[in-house]
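S.K.: Residue-level listing of the chains:
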Amino acid sequence: MSTIALQNETTAPAEDRIRWRPIYAALLAGGIWLALSALAARLPDAAEFGYTNEFAIVAGLIGVALAIGSIGGDRTGPLAARLRSWSPWLILLGSFLFVWELATAKRLWLPMPFFPPPQAIAEVFVDDYARLFDSVWHSAFLLAGGYLIGAAVGFVSGVAIGWSKAVGYWAHPILRFIGPLPATAWLPLAFFIFPTSWSASTFLVALATGFPVTVLTWSGIAGVNKAYYDVARTLGASNRFLILKVAIPAALPHVFVGLFMGLGGSFAVLVVAEMLGVKSGLGWYLQWAQGWAAYANMYAALLVMAIACSGLITLLFRIRDWLLSWQKGLVQW
Amino acid sequence: MVSVVATHGSASRAEAPPLGGAASPALDLSGVSQAFALDGRPLPVLEDVSLSAAPGEFVALLGPSGCGKSTLLRLVAGLDLPVAGDVLVRGKAVTGPDPSRILVFQDPTLFPWRTVFDNVALGLEAQGRLRRDRGQVDEALALVGLGEFAGAYPHQLSGGMAQRVSLARALVNDPDLLLLDEPLGKLDSLTRIAMQAELVKLWQESGFTALLVTHDVEEALILAQRVIVFSDRPARIQAEIRNDLPYPRHRDHPRIVELRREVLTLLGLGES
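So the protein lines, in turn, are chains A and B.
UniProt numbering puts the first sequence at residues 1 to 333.
UniProt numbering puts the second sequence at residues 1 to 272.
Simulated from the structure, these hints should not be mistaken for lab results.
Hints are supplied without guarantee of correctness; some may be wrong.
Here chain B is said to cover these stretches of chain A; the calculated rule only asks that three of the stretch's residues, wherever they fall, bring their Cβ under 8 Å from a Cβ of chain B [as the list claims (entries may be wrong)]:
{"#": "1", "region": "23 to 37"}
{"#": "2", "region": "238 to 247"}
What follows is a set of in silico ranges between Cβ atoms, one per label pair, in the way DEER data are often shown [unchecked claim]:
{"#": "3", "chain 1": "A", "residue 1": "Trp89", "chain 2": "B", "residue 2": "Lys186", "range": "56 to 62 Å"}
{"#": "4", "chain 1": "B", "residue 1": "Asp39", "chain 2": "A", "residue 2": "Leu324", "range": "38 to 44 Å"}
{"#": "5", "chain 1": "B", "residue 1": "Asp244", "chain 2": "A", "residue 2": "Leu324", "range": "51 to 57 Å"}
{"#": "6", "chain 1": "B", "residue 1": "Ser189", "chain 2": "A", "residue 2": "Ile307", "range": "36 to 42 Å"}
{"#": "7", "chain 1": "A", "residue 1": "Leu92", "chain 2": "B", "residue 2": "Gly128", "range": "56 to 62 Å"}
{"#": "8", "chain 1": "B", "residue 1": "Ser158", "chain 2": "A", "residue 2": "Ser85", "range": "34 to 40 Å"}
Take a look, some chain A residues computed to stay more than 10 Å from chain B by CB distance [what the hints assert, rightly or not]:
{"#": "9", "residue": "Ala166"}
{"#": "10", "residue": "Gly168"}
{"#": "11", "residue": "Pro195"}
{"#": "12", "residue": "Thr196"}
{"#": "13", "residue": "Leu235"}
{"#": "14", "residue": "Ile319"}
Backbone N, C-alpha and C fix where the C-beta goes; we use that ideal spot for every residue, glycine too.
Let the hints inform the model, and build the full structure from the sequences given.
M.R.: Okay, structure coming up:
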């Protein structure tokens with residue numbers, strides 16, 4: 001509270017000076033994007049590529065927007081603050097696209113068709129969005145099913161192993177023996193045991209998720225400070241209360257580590273399963289694009305995959321931050 | 001600040017405790033022994049301990065660190081069972097924990113994922129009467145002066161505040177017997193002195209029987225009506241000292257100074 005008040009006080013006189021000073025970094029970024037636009041529009045393509053003009057127009061619009069943003073308007077508002085913080089990345093991105101465009105479409109320094117120009121990848125999004133969207137949908141469906149089953153089973157068995165000595169006695173050796181096996185090793189077996197490739201893949205994703213969630217939930221439950229149980233017991237807590245209101249909340253930070261590890265593992269298994277068995281999804285799309293030497297499609301699919309995976313990790317972080325808001329010093333994603 | 005207590009009208013109770021006068025004492029230990037296994041060999045920690053406390057009495061158990069006093073509290077709380085002897089509370093044998101006997105630990109052991117309010121509400125929630133007795137939580141928080149911190153998380157509290165919350169968590173259950181295991185042991189000396197006065201006040205207002213484990217001679221003499229001095233492990237009762245000084249007590253009172261010397265001599269520290 002007091003620190004904010006202090007900041008306002010000190011920045012108040014400086015505000016007038018800052019208000020009309022251009023954001024130089026954003027100005028530079030705008031210049032680079034305009035140069036990219038000029039490069040795409042003015043220099044003829046060295047080979048046949050579609051959408052070069054559209055690409056130039058979009059880059060030009062971004063450049064103009066950045067230039068306007070850096071000079072016009074209030075320099076103290078939240079939008080300007082965001083622009084200021086993003087400018088270095090916009091400079092880097094613009095420069096990267098400039099070099100890429102030059103090295104591919106304009107000069108063919110990089111071998112075709114392995115390195116398509118940026119507009120070719122944009123073209124995929126425009127022309128093949130239906131198939132891409134369908135792939136994303138199928139992957140998401142498969143991943144969600146497998147991950148949720150794996151996380152739920154892993155969580156429940158982790159709690160059971162951590163809580164009950166009898167369950168631990170039987171589960172521990174099995175977990176130690178089979179758990180470290182990579183889920184992908186089960187792939188051939190899964191595809192002939194399960195009736196459909198979809199159920200086989202769901203099983204594999206669940207397996208990849210379940211193991212880390214089980215182990216970390218278990219270690220979380222086992223590591224709960226015994227004094228918490230003493231406190232709750234003297235206050236009249238039943239066993240059920242001890243599990244639900246003491247053990248599980250105390251173990252939750254560990255559970256989330258397991259959920260993160262499981263999510264990473266499930267991505268890997270999902271892609272492999274789709275490449276080898278399932279006839280849909282992003283993994284299948286990658287494989288298909290490579291088969292047709294449609295490298296632009298492959299890059300596009302990789303980009304979509306990166307956005308989707310990063311989005312899911314972000315979502316999991318949000319859920320964790322919400323559930324574990326009581327913790328001090330959480331890692332910010 | 002403690003002089004306020006006198007106006008609460010319970011000061012008379014503190015002067016004349018009905019020691020042994022009641023039909024069944026609040027607490028009665030007879031011939032209690034306890035041992036743990038250490039590297040396969042039994043390690044005796046309590047040996048043939050017998051003591052009793054009258055309802056509403058404040059008894060301090062004083063002894064060197066690690067002599068088994070805390071073990072005794074755990075037995076009374078019902079968290080452990082003795083290898084020999086009987087632990088009776090109000091004439092009934094202790095077989096397990098019960099919210100009428102609450103242990104306050106040296107560490108506040110607040111649940112970090114719960115707010116101050118939810119920590120204090122823990123007992124009521126566990127006993128399934130939170131919905132009905134919600135108001136008691138606010139009362140308990142007000143009693144320890146932390147009403148404004150109901151929504152705070154434990155990591156936002158100072159050591160003294162956290163220990164107050166843990167006292168409120170115990171008091172909200174309106175216990176007959178409050179077992180205090182060096183509850184002020186980890187506080188700085190200033191907070192400690194303030195909390196000693198608060199503890200006396202809470203005891204006088206609430207009417208519970210208090211059993212305090214401490215290794216601070218002065219704390220025992222300031223707080224308790226009876227100080228039971230333990231020997232080193234295995235703990236045996238060495239002496240029992242009555243202190244009938246009225247509350248609030250001052251640590252420079254000649255009687256306190258005299259008793260302190262007496263106790264220190266019993267503990268083999270008479271020279272220092």
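S.K.: Hints numbered earlier in the text: which of these fail when held up against the supplied structure?
M.R.: 1, 3, 6, 13
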